[in-house]
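Number of protein chains: 2
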Amino acid sequence: MLVLSSPSGAGKTTIARELLARVPDLNMSVSATTRAPRPGEIDGQDYYFISDEKFNEMVENNEFLEHAMVFGNSYGTPSAPVFETLKQGKDVLFDVDWQGTQQLHGRAGDDVVRLFILPPSHDELEDRLRGRKLDSEEVISSRMAKAANEMAHYEEYDYIVINSKLEDSVQEVQMVLRAEHLRKSRRKGLYEFVRGLCDEENS
Amino acid sequence: MLVLSSPSGAGKTTIARELLARVPDLNMSVSATTRAPRPGEIDGQDYYFISDEKFNEMVENNEFLEHAMVFGNSYGTPSAPVFETLKQGKDVLFDVDWQGTQQLHGRAGDDVVRLFILPPSHDELEDRLRGRKLDSEEVISSRMAKAANEMAHYEEYDYIVINSKLEDSVQEVQMVLRAEHLRKSRRKGLYEFVRGLCDEENS
Numbered sequence: 000m001l002v003l004s005s006p007s008g009a010g011k012t013t014i015a016r017e018l019l020a021r022v023p024d025l026n027m028s029v030s031a032t033t034r035a036p037r038p039g040e041i042d043g044q045d046y047y048f049i050s051d052e053k054f055n056e057m058v059e060n061n062e063f064l065e066h067a068m069v070f071g072n073s074y075g076t077p078s079a080p081v082f083e084t085l086k087q088g089k090d091v092l093f094d095v096d097w098q099g100t101q102q103l104h105g106r107a108g109d110d111v112v113r114l115f116i117l118p119p120s121h122d123e124l125e126d127r128l129r130g131r132k133l134d135s136e137e138v139i140s141s142r143m144a145k146a147a148n149e150m151a152h153y154e155e156y157d158y159i160v161i162n163s164k165l166e167d168s169v170q171e172v173q174m175v176l177r178a179e180h181l182r183k184s185r186r187k188g189l190y191e192f193v194r195g196l197c198d199e200e201n202s
Numbered sequence: 000m001l002v003l004s005s006p007s008g009a010g011k012t013t014i015a016r017e018l019l020a021r022v023p024d025l026n027m028s029v030s031a032t033t034r035a036p037r038p039g040e041i042d043g044q045d046y047y048f049i050s051d052e053k054f055n056e057m058v059e060n061n062e063f064l065e066h067a068m069v070f071g072n073s074y075g076t077p078s079a080p081v082f083e084t085l086k087q088g089k090d091v092l093f094d095v096d097w098q099g100t101q102q103l104h105g106r107a108g109d110d111v112v113r114l115f116i117l118p119p120s121h122d123e124l125e126d127r128l129r130g131r132k133l134d135s136e137e138v139i140s141s142r143m144a145k146a147a148n149e150m151a152h153y154e155e156y157d158y159i160v161i162n163s164k165l166e167d168s169v170q171e172v173q174m175v176l177r178a179e180h181l182r183k184s185r186r187k188g189l190y191e192f193v194r195g196l197c198d199e200e201n202s
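From first to last, the protein sequence lines stand for chains A and B.
Residues 0 to 202 in numbering that gives the first Met the number 0 are what the first sequence lists, from first letter to last.
Residues 0 to 202 in numbering that gives the first Met the number 0 are what the second sequence lists, from first letter to last.
This is chain A alone, in the form it adopts within the complex (with noise of 0.2 Å):
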């Protein structure tokens, strides 16, 4: 379970979809939200579109990885796929915030990795911000209240990427992942692979 976490602005979207366009055996873990669906979204794509009340069961349920409320509707990560998909040996990307980050945790331990991505520098963060030049300097400025919000929490993250190139930022983000899987802790069936060299059985 690799979690990508940053303030909007640092390019983490993209990465995330380089990601899964080169990495076969990364999933992209799909929400569930009760907001209606956008036009051109599709369900089980997109999101799981579900209605408050499915979505209030599934908390009940303790169904979710993590979950919250935005802007009036909730959102949160359904856990049967993402274990099921788990189960397959695949991997599983997780674009959440800081508080996401938290409760996806303090459910998974240390199958989870988190790395948070920053951006190269504070004018280059405002400038993406700006975004179409039409916004007021406050929207601005409450953007980038924002973005400093989220990038305060860079210290509960395991890993971090400071995004100047998107290309050197996705290898980096592929070798996390890499060098994750070699950890002795995520290796399956080692204790048996390694009495096998000791050739155990027959000692």
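What the hints contain is simulated information worked out from the structure, not anything from laboratory work.
Quick reminder that beta carbons are idealized off the backbone N, C-alpha and C, glycines included.
Don't take each hint at face value.
Calculated from the model, a selection of chain A residues having no Cβ within reach of chain B, i.e. all distances over 12 Å [said to hold, decoys possible]:
(1) Leu19
(2) Ala35
(3) Gly43
(4) Glu56
In silico DSS-like links for lysine-lysine, alpha-carbon gap of 25 Å or less [what the hints assert, rightly or not]:
(5) A:Lys132 / A:Lys164
(6) B:Lys86 / B:Lys187
(7) A:Lys183 / B:Lys86
(8) A:Lys89 / B:Lys164
(9) B:Lys164 / B:Lys145
(10) A:Lys187 / B:Lys164
(11) B:Lys183 / A:Lys145
(12) B:Lys164 / A:Lys164
(13) B:Lys145 / B:Lys132
(14) B:Lys145 / A:Lys183
(15) B:Lys89 / A:Lys164
(16) B:Lys183 / B:Lys89
(17) A:Lys183 / A:Lys86
(18) B:Lys132 / A:Lys164
(19) A:Lys132 / A:Lys145
(20) A:Lys145 / A:Lys164
(21) B:Lys164 / A:Lys183
Partial chain B-side listing against chain A, Cβ under 7 Å, derived [claimed, not checked]:
(22) Gly43
(23) Ala147
(24) Met150
(25) Tyr153
(26) Tyr156
(27) Ile159
(28) Glu171
(29) Met174
(30) Val175
(31) Lys183
(32) Lys187
(33) Gly195
(34) Leu196
(35) Asp198
Go by the hints and put chain B onto chain A.
Positioned in the frame of chain A, the structure of chain B alone reads:
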């Protein structure tokens, strides 16, 4: 500080040589020993060749990161050159056994990344230990027992690389090295960097 351990016959020496050739900022740690230099061995490059008196003095002054006695000779890793290399922003590679790894980890904690290299199979290991085919079965058995004793400690390591193909294994160790550099705990000046991103001084 990257520690490579393995039973003999797993290909560690070849992997280490390749790593040092490919990674410019990686230096091999040089051990001190009380044994006499063999023909061709260079002081300060293969080993620091020192007297028993000097060795004992260094032990008493706590100047070794790890040390041990093997076949009546003393071997140890002097800490000063290691810390000097680290201060230059370079990494240091150690080729030590499980006991040396325990001592290193005890002294340097999370600054040490521990990687264990396993052979791909029991038969492959036996083939490699059989060497020039001139050794008796007893000698082979004794080497296998020694290898098994070393492998029994794989659980004390952070990463496991199974050396099926040299090229894959070298790349895997390189990935671990690069990913570990992205760890939050190894990132220098991150707090100030994030403060700068948040533009705290102007707010």
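Could you work out which earlier hints the structure fails to respect and list their numbers in ascending sequence?
7, 12, 18, 22, 32
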